[in-house]
Amino acid sequence: MTIFCNEGDKPKVRYQSKSRGKRVYQSKVSPIEVLLEPIKKNEYGDDYNAEGYTITYANGDEQTVINHRTRIDPVSGQPQIQFWSCGSTDWDNRQSDGTYSVWYSYGSPVANIDKSRGCPPPIPPQDFSIKILYEGNVIFRDRSDTEITYEVDCGNCPTGHIECKTPEYPGFCCIPCKETAAAINNLATQANRH
1 MTIFCNEGDK PKVRYQSKSR GKRVYQSKVS PIEVLLEPIK KNEYGDDYNA
51 EGYTITYANG DEQTVINHRT RIDPVSGQPQ IQFWSCGSTD WDNRQSDGTY
101 SVWYSYGSPV ANIDKSRGCP PPIPPQDFSI KILYEGNVIF RDRSDTEITY
151 EVDCGNCPTG HIECKTPEYP GFCCIPCKET AAAINNLATQ ANRH
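130 is the number that this note's numbering gives to position 130 of the sequence shown; each next residue is one higher, with no gaps.
Misleading hints may appear alongside valid ones.
Below, a list of computed lysine-lysine pairs in the DSS-like style, where the Cα atoms sit at most 25 angstroms apart [stated by the list, open to error]: (1) 131 - 10; (2) 131 - 115; (3) 12 - 28.
Restraint ranges, calculated between C-beta atoms of paired labels, are given here [stated by the list, open to error]: (4) 163 - 138: 26 to 32 angstroms; (5) 150 - 60: 50 to 56 angstroms; (6) 127 - 176: 31 to 37 angstroms; (7) 80 - 150: 53 to 59 angstroms; (8) 60 - 22: 49 to 55 angstroms.
Hints are computed from structural coordinates only; laboratory data are not their basis. If you're wondering where the values come from, they're calculated on a predicted model, not measured in any experiment. For each residue, glycine too, the CB sits at the ideal point set by N, CA and C.
Using the sequences and the hints given, assemble the complete structure.
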């Protein structure tokens with residue numbers, strides 16, 4: 001973590017993301033720490049099983065599952081199938097009494113089981129968080145679904161500028177350091193030639 005500003009400064013954190021645009025947080029305390037964190041959001045749950053295999057039916061349809069079982073319906077004599085779907089933690093349609101009363105009829109028999117093509121690994125969406133801390137305590141937080149960048153201004157001027165006092169309102173002006181240094185270096189070079 002990086003610590004910004006000195007005690008007594010009023011840090012201004014300018015942060016932005018593609019999805020939320022530019023934002024500003026003005027802290028009343030300093031020094032502050034700024035922490036950026038990716039936040040993984042696993043839509044499948046922490047117990048997602050990415051193993052399994054792909055079933056190919058005789059008609060060409062495919063289904064990727066963790067497991068399956070088949071039977072012949074005792075009443076109709078038709079083939080039926082049950083699945084343990086990718087992302088599930090148990091057999092599909094498990095009833096509250098522990099039985100599996102739902103079987104699906106399928107007209108096309110299982111032609112192939114390909115164990116080399118299992119369930120796709122989950123690619124969880126990710127949010128990004130910016131946290132601002134003072135003495136180790138979070139004083140501000142925000143999040144975005146796209147990456148966050150930021151800069152911190154400790155005084156009245158943005159990063160890369162120096163504050164100069166002026167008699168006009170608001171009592172100061174901000175001069176860009178890089179351009180000012182280049183101008184001074186240019187003047188020094190010209191003075192050395194004469």
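Measure nothing beyond the straight line between the CA atoms of residue 12 and residue 28; if it is 25 angstroms or shorter, mark the hint as holding. Roughly 9 angstroms between the alpha carbons, so the hint for residue 12 and residue 28 holds.
Take a look at whether the Cβ-Cβ distance between residue 60 and residue 22 falls inside 49 to 55 angstroms. holds (52 angstroms)
For the pair we were handed, residue 131 and residue 115, check the Cα-Cα distance against 25 angstroms. violated (44 angstroms)
For a C-alpha distance cap of 25 angstroms, please report whether residue 131 and residue 10 respect it. holds (17 angstroms)
With respect to the beta-carbon atoms only, verify the hint that residue 163 and residue 138 lie 26 to 32 angstroms apart. holds (29 angstroms)
Hint check for residue 176 and residue 127 - Cβ pair distance inside 31 to 37 angstroms: holds (34 angstroms)
Confirm or reject the claim that residue 150 and residue 60 have a C-beta distance inside 50 to 56 angstroms. For residue 150 and residue 60 the Cβ distance comes to about 52 angstroms; the hint holds.
Range hint 53 to 59 angstroms (beta carbons of residue 80 and residue 150) holds or violated: holds (57 angstroms)
The structure does not agree with numbered hint 2 stated previously, though it agrees with all others.
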